[in-house]
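Going line by line, the protein sequences match chains A and B.
With this note's numbering, letter number 233 in the first sequence gets 233, and the count goes up by one each step, no holes.
Converting from the second sequence to this note's numbering requires adding 286 to each position, the first position being numbered 1.
No lab work stands behind these hints: they were computed from the structure.
Glycine residues also receive a C-beta, built at the ideal position from the N, C-alpha and C atoms.
Mixed in with the good hints there might be a few duds.
[Stated by the list, open to error] Negatives, chain A to chain B, calculated, CB over 10 Å: (1) L60; (2) D84; (3) S129; (4) A130; (5) A138; (6) E162.
[Stated by the list, open to error] Quick look at which bits of chain B chain A covers, simulated, 3 or more residues with Cβ under 8 Å: (7) 330-339; (8) 399-413; (9) 435-448; (10) 456-467; (11) 525-536.
[What the hints assert, rightly or not] Listed below are several chain B residues computed to face chain A (Cβ distance under 10 Å; list not exhaustive): (12) T342; (13) G395; (14) L423; (15) A508; (16) T510; (17) Q512; (18) T515.
Each chain is listed here by its residues.
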Amino acid sequence: MFAHEFMRHAFLAGTFVSLACGLVGYFVVLRAQVFAGDALNHVAFTGALAAAAAGIDIRLGLFAATVGVAAGMGLLGRRARPDDVVIGSVFAWILGLGVLFLSIFIASSSGANSTAAVRVLFGSILGLSAADARLAAAIALFAIVALLVMARPLLFSSLDPEVARSLGVPVRGIGIAFLMLLGLISAEGTQAIGALLLLGLIAAPGAAARLLTDRPWRGLALSGAIAVGSMWLGLTLSYEVASLPASTAVIGVAAFSYVAAGAFDFLRRRGNWSRTSSSIGSLEGL
Amino acid sequence: MISLADLSLNPISDLEQMREYSFMVNALWAGTIVAVMAGAVGWFMVLRRQTFAGHTLSVTAFPGAAAATLIGLPLAVGYFGACGLGAVILAAVERDGRSGAANESAAIGTLQAFGLGLGYLFVILYGGQLSSLESLLFGSFLGITAGQVQTLLWVLVATLVILAAIGRPLFFASVDGAVARAAGVPTRFLAFAFLALLALAVAATAEITGALLVFSLLVTPAATAQRLTARPGLGVLLSVGLALMVTWVGLTIAFFSPYPVGFWVTSLSFGIYVAVRVGEAIAGRASIRGRQLPGGAEPA
Numbered sequence: 001m002f003a004h005e006f007m008r009h010a011f012l013a014g015t016f017v018s019l020a021c022g023l024v025g026y027f028v029v030l031r032a033q034v035f036a037g038d039a040l041n042h043v044a045f046t047g048a049l050a051a052a053a054a055g056i057d058i059r060l061g062l063f064a065a066t067v068g069v070a071a072g073m074g075l076l077g078r079r080a081r082p083d084d085v086v087i088g089s090v091f092a093w094i095l096g097l098g099v100l101f102l103s104i105f106i107a108s109s110s111g112a113n114s115t116a117a118v119r120v121l122f123g124s125i126l127g128l129s130a131a132d133a134r135l136a137a138a139i140a141l142f143a144i145v146a147l148l149v150m151a152r153p154l155l156f157s158s159l160d161p162e163v164a165r166s167l168g169v170p171v172r173g174i175g176i177a178f179l180m181l182l183g184l185i186s187a188e189g190t191q192a193i194g195a196l197l198l199l200g201l202i203a204a205p206g207a208a209a210r211l212l213t214d215r216p217w218r219g220l221a222l223s224g225a226i227a228v229g230s231m232w233l234g235l236t237l238s239y240e241v242a243s244l245p246a247s248t249a250v251i252g253v254a255a256f257s258y259v260a261a262g263a264f265d266f267l268r269r270r271g272n273w274s275r276t277s278s279s280i281g282s283l284e285g286l
Numbered sequence: 287m288i289s290l291a292d293l294s295l296n297p298i299s300d301l302e303q304m305r306e307y308s309f310m311v312n313a314l315w316a317g318t319i320v321a322v323m324a325g326a327v328g329w330f331m332v333l334r335r336q337t338f339a340g341h342t343l344s345v346t347a348f349p350g351a352a353a354a355t356l357i358g359l360p361l362a363v364g365y366f367g368a369c370g371l372g373a374v375i376l377a378a379v380e381r382d383g384r385s386g387a388a389n390e391s392a393a394i395g396t397l398q399a400f401g402l403g404l405g406y407l408f409v410i411l412y413g414g415q416l417s418s419l420e421s422l423l424f425g426s427f428l429g430i431t432a433g434q435v436q437t438l439l440w441v442l443v444a445t446l447v448i449l450a451a452i453g454r455p456l457f458f459a460s461v462d463g464a465v466a467r468a469a470g471v472p473t474r475f476l477a478f479a480f481l482a483l484l485a486l487a488v489a490a491t492a493e494i495t496g497a498l499l500v501f502s503l504l505v506t507p508a509a510t511a512q513r514l515t516a517r518p519g520l521g522v523l524l525s526v527g528l529a530l531m532v533t534w535v536g537l538t539i540a541f542f543s544p545y546p547v548g549f550w551v552t553s554l555s556f557g558i559y560v561a562v563r564v565g566e567a568i569a570g571r572a573s574i575r576g577r578q579l580p581g582g583a584e585p586a
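Looking at chain B on its own, in the form it has when it is part of the complex (with noise of 0.2 Å):
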């Protein structure tokens, strides 16, 4: 299609090339919308400790849609039954302390398993074609509809309506969900309200990212954010900032790359991330030496 000889070294002109491009300019629009849900919602899920959650619903997006496929319904309904569906039956399983932890655990890997196996079975029984399974997996940002666009953006904007009502006790109660409760905030509400709107990024994101790659924008913008910050306002945009550039750069790279745009972003991301461990350890090991200097300035 195109070929890094293409690209030039002015900036202007290879986005000049890539708006020519009707395709192109769909994907950055919808990779724009999921980018600052993924990144606003996967904030919170970070924050509770809700990775293998997250996971798991975006997992559960892949026999949605493949029965969808099969029966003939348009795929988005198979992402968002599926996905509310994987939600109900995580709240459900949805424990408290340590052996409790373990046993629901085991019960989202069940159900997580259990979900690709009977897309695989959808599959199979559609007449499984490899790029069918490849595009319900892997997702494809190429061949995004405007209607999709407009789709995903009345998704988002329900999505951070929920969110602005709920932010501010969610954030209590999953600091501190004991005190939270005590002072009457209603957190298994909120948890299952969450789980809900985990379920509803997670399905719109799945469209386009594929269900295994969702994850990626969910989890390392924002696990990149909390180590950067532990303000909460300033960790959602700077989480919400950090999946809006891996998904610019990443589809502008795999515009001009013959390689998929899922391992740019999952790659650029996760490089971020590296490099904010390493400075982490580096700064950390410095202010160790500053305090062990002779007549040195004393900590804070």
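So that you can see chain A by itself, here it is in the shape it has in the complex (with noise of 0.2 Å):
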């Protein structure tokens, strides 16, 4: 598998972008802000269009659209939340935008070209060059080491915003960073496994990890780990599979591992609380 240049060059991007992806998922589930990175990830597809449309390099729009957008929702929301009816509303004219933009594109283009669109949507992670994919990956770290900083106030003022603004946290301004961040990562993720599929990559290994401990920092490590064992998982499936394209099989191997550790959790509470009971039994019988 490794022999195809194009093999290494998307586990090289690959495990950067889902790296990333899983431990700022485990902040936008931990937050509740699964929403606003589902509008975040569908601003990439209006933004990558609208510079397909220009003829100008489609990482500028998409980098441009997601960052602006997520500042923006920060600032407007209160306490750098933004209401779920708000985000609906600017979401649906935004993908309206994005299909104004489809049509611009489609009509000026011939149809060698037209495959341009389907790749934001859905992804290109098997189609990038050497040089995209170093560049990707050197993205992608750089979003890491970001998240990574401001990780430790981040948790604070997701869990407790109330205390954290008391001992000098600034949780607005961390609220905004955090909304650029996964703007950026959006907008890196889009190229990897498109915008209509990104969500599934940063909402399924964050919730898994939450499923399967509480400690905060164990669980963001899983949720790094969940999300780059997805895409490795499903990048070597889809090399086996000759149908099944990456992007799928990657959100459906994050899927399944959400399937599966709400299994896991079910089965051990449903085991702690039996455990729990019999041993009431057993004290009742003393």
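Fit the two chains together into the complex; they arrive one by one in their own frames, and the hints show the way.
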């Protein structure tokens, strides 16, 4: 498998991008901002198509749109937590804009170029060049380092914003910085697995980790590990099964890990419950 | 097809021009039905803060339609089957409380991405062409048949009858779940019934607007209506009225312009929403200033 250059590039970019998604995803789930993440991922689609329609580098549109909208959402929402109806209304309009750019782009380009839209929606991790892969890995690495630097105050302000604020943690600033970082990672992940599927790689590992452990640092590490594992397993699966697209495989593995974590959590709690009830029973017997 | 140059300043002759095309007549009928359904169901969706669930349900329409295309079933089967299945899964993951809500939204997000991934797989297996992918995701008001309009009409009647039957307890349960439960309202059943209703409306709408744009008719007119009035009956009517207006105007503009109808409908509804929010802000500031006037009337 690694004899193919495109697989090596996919693994290089995929590892760092999925690690970034998994780490940021843990906080997204912890802060109940999955819907905001969803909206940012769709913004990535509109930004990329706007850039494509204007004929400039898609990446420029991606990063400008996601980071810009993230900053706007953070500034407008109270406590940098925008209301879901507001997100929904803005988000519906942004999708409409995306359709406009899509139609302009399709009208202006010949058939050979029209697959660009599909690549934006569903990703193209197997089509990355060496330079693309290295750049994607570098940007993801930057996002990971930035996230780890702010992880401590971010965790604190996510778990207990009131106490954090009274201790002088800039809760609002951290919220906005977090959304912008999420925007950066959305733009990055869009190139790998696509604007529409990215949410799975952000929400599923974070949610699975939260089901498996209550300890924040362990959960964060677990979430990153599940995301990277999903990426590796998904890429391998799509390599072995020719008709399976890489993005679908990655999201499928991530979703499966979430369901498995849910089943594990359910069984564990039932096990605990029957143990406690049997110990109560034995106490009564005494 | 038709360019802006054909648009005259005489609205009657413009309408006559549109009526000459049977696809446009069908599109207007379908748009009307879909707008009434989305406006009414959307009002309850916004009230219940289930916009994310609504978006995910509409997105599950995409793999359903793609699967139906792949195995050669009618598209409607795919739409209604997938959305119904989505509603059952969403009802199963529904949780109360803040940490419950965080886990629920993570589950919804995972379901959504997985559904879209499956849809992409089905399109690839079918020999994915961009045009079919695009119409599944973004819909096309063109090419709607009279038969489709008739099916939509039946779905609309069913939706409105169910909504009329459960509307009152649903409103009660949505506004104050705990009190409603204490008063013996079956809130859990209602939550599921509403998700099923939402799935029905979304599946019907997705056939016309595409999986990604259903959302614009569901959420924006309803959000605008709830900003304007707190009264339920009036709010639902207003929401339906706004949805009808943006659909009709959007279809008409799209008919005379080269740009897609989805863009016009979303932009119009968002424009109205923003105008209402700005108007509210100005009115709020004016009333504060009124109170601060020396010797001014006391606020009631």
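To see whether the hints hold, each was checked on the structure:
1. L60: 22 Å, holds
2. D84: It is violated; D84 (chain A) is separated from chain B by about 5 Å at its closest Cβ, not greater than 10 Å.
3. S129: 22 Å, holds
4. A130: Consistent with the label, A130 (chain A) stays out of reach of chain B, its closest Cβ about 26 Å off (over 10 Å).
5. A138: 25 Å, holds
6. E162: 14 Å, holds
7. 330-339: holds (count 4)
8. 399-413: holds (count 9)
9. 435-448: violated (count 0)
10. 456-467: It is violated: at least three residues are needed, and the segment 456-467 of chain B offers just 0 whose Cβ sits closer than 8 Å to chain A.
11. 525-536: Since 0 is below three, the answer is violated.
12. T342: 9 Å, holds
13. G395: G395 (chain B) check passes; min Cβ-Cβ to chain A is 4 Å, inside 10 Å.
14. L423: Check passed: Cβ of L423 (chain B) comes within 7 Å of chain A, closer than 10 Å.
15. A508: 9 Å, holds
16. T510: 8 Å, holds
17. Q512: 8 Å, holds
18. T515: Hint on T515 (chain B): violated, closest Cβ of chain A at ~15 Å, above 10 Å.
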